[in-house]
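Asks: All chains should be modelled from the sequences, with the hints used to inform the complete structure.
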Amino acid sequence: MYNSLTRIQNVFGFFTTVAFVVAAFIAASDFTYDRTPSAHIKTTNVQVVKGRPHYYSTKKEEYAIMKFSLDADLSSLFTWNTKQVFVYVTAEWTSPPSSSASAKSASATNQTNSAVIWDSIITAPSSDHLANIGPATLKKLRKSAAGKAVDPKRGLLSLKNQRPKYQITHPTGRIAETGDVRLRVHYNVQPWVGFLTWSQTEHDFGRWLRMKDGMSRAFTLPAVKKKDEGKKAKA
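Sequential numbering from 1 applies to the sequence shown in my numbering.
Simulated from the structure, these hints should not be mistaken for laboratory data. Heads up, the beta-carbon is just placed ideally off N, CA and C, and yes, glycines get one too. Careful: at least some of the hints might be erroneous.
[To be verified] When the alpha-carbon atoms are kept at most 27 Å apart in a straight line, the in silico DSSO-like pairs for lysine-lysine are as follows: (1) Lys83 - Lys140; (2) Lys42 - Lys165; (3) Lys60 - Lys225; (4) Lys60 - Lys165; (5) Lys67 - Lys165.
[Claimed, not checked] Listed next, with one range per pair, are the computed distances between beta-carbon atoms: (6) Gly51 - Ala24: 46 to 56 Å; (7) Asn10 - Thr32: 31 to 41 Å; (8) Trp192 - Ile133: 17 to 27 Å; (9) Val11 - Thr112: 46 to 56 Å; (10) Trp192 - Ser57: 32 to 42 Å; (11) Val116 - Gln9: 42 to 52 Å.
Replies: So, in structure tokens, the structure goes:
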């Protein structure tokens with residue numbers, strides 16, 4: 001009954017119980033820190049082009065290219081339990097109701113459109129070794145955060161006239177002159193221990209406040225510029 005195997009099982013069971021309890025306390029400690037993220041974003045240049053947005057595209061379609069400027073303070077998201085923060089910007093707009101009966105049924109279930117145009121991963125000093133960057137950049141990161149468990153500067157973003165990583169398209173192939181488009185800043189906090197948490201856009205949760213601002217003014221996508229128009233203007 002009290003052989004070596006039984007004792008090993010008891011020790012292992014006790015160890016896993018203690019580890020689970022400690023992990024639960026670590027995860028719960030995140031709620032004791034204030035989260036006060038803020039961001040200001042605006043568009044600087046918006047174009048709509050007709051062509052093949054990707055090398056694997058089989059046909060030409062309209063796609064939008066949106067440049068933007070972003071000033072964000074996400075430093076409050078970094079605690080001793082933060083592994084990395086995933087930041088991304090989306091373009092959101094609402095599809096107008098269609099007149100055809102078949103399109104009405106389809107659009108009724110998909111009124112809101114959202115597409116990611118830019119993203120970035122900000123690592124904490126304790127997880128710099130996981131960053132997918134070159135050795136020179138990694139050396140600079142480690143030097144700037146030497147001896148720091150938390151580096152608030154990592155959460156400060158200042159982007160001017162930033163080019164998007166991804167173009168925006170639509171299943172219909174048409175996106176020009178779409179109105180009421182807005183850019184919104186999102187974040188996802190990935191802890192060492194605990195649950196993933198996403199940006200709060202509507203409600204506060206205890207000491208975690210929803211993002212201040214974080215959305216651009218509404219704008220309308222321009223029409224596609226035709227090549228013939230430029231030739232006629234010269235003539």
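Asks: Against this structure, judge whether each hint is valid.
Replies: Checked hints:
1. Lys83 - Lys140: holds, 18 Å
2. Lys42 - Lys165: Measuring from Cα to Cα gives roughly 16 Å; hence the hint holds.
3. Lys60 - Lys225: Between lysine 60 and lysine 225 the Cα gap is close to 15 Å, so the pair holds against 27 Å.
4. Lys60 - Lys165: holds, 19 Å
5. Lys67 - Lys165: holds, 10 Å
6. Gly51 - Ala24: 46 to 56 Å: holds, 53 Å
7. Asn10 - Thr32: 31 to 41 Å: holds, 34 Å
8. Trp192 - Ile133: 17 to 27 Å: holds, 20 Å
9. Val11 - Thr112: 46 to 56 Å: For threonine 112 against valine 11, whose Cβ atoms are near 54 Å apart, the range 46 to 56 Å holds.
10. Trp192 - Ser57: 32 to 42 Å: holds, 40 Å
11. Val116 - Gln9: 42 to 52 Å: Holds - the Cβ-Cβ distance for valine 116 and glutamine 9, about 48 Å, lies within 42 to 52 Å.
Consistency note: the structure conflicts with none of the earlier hints.
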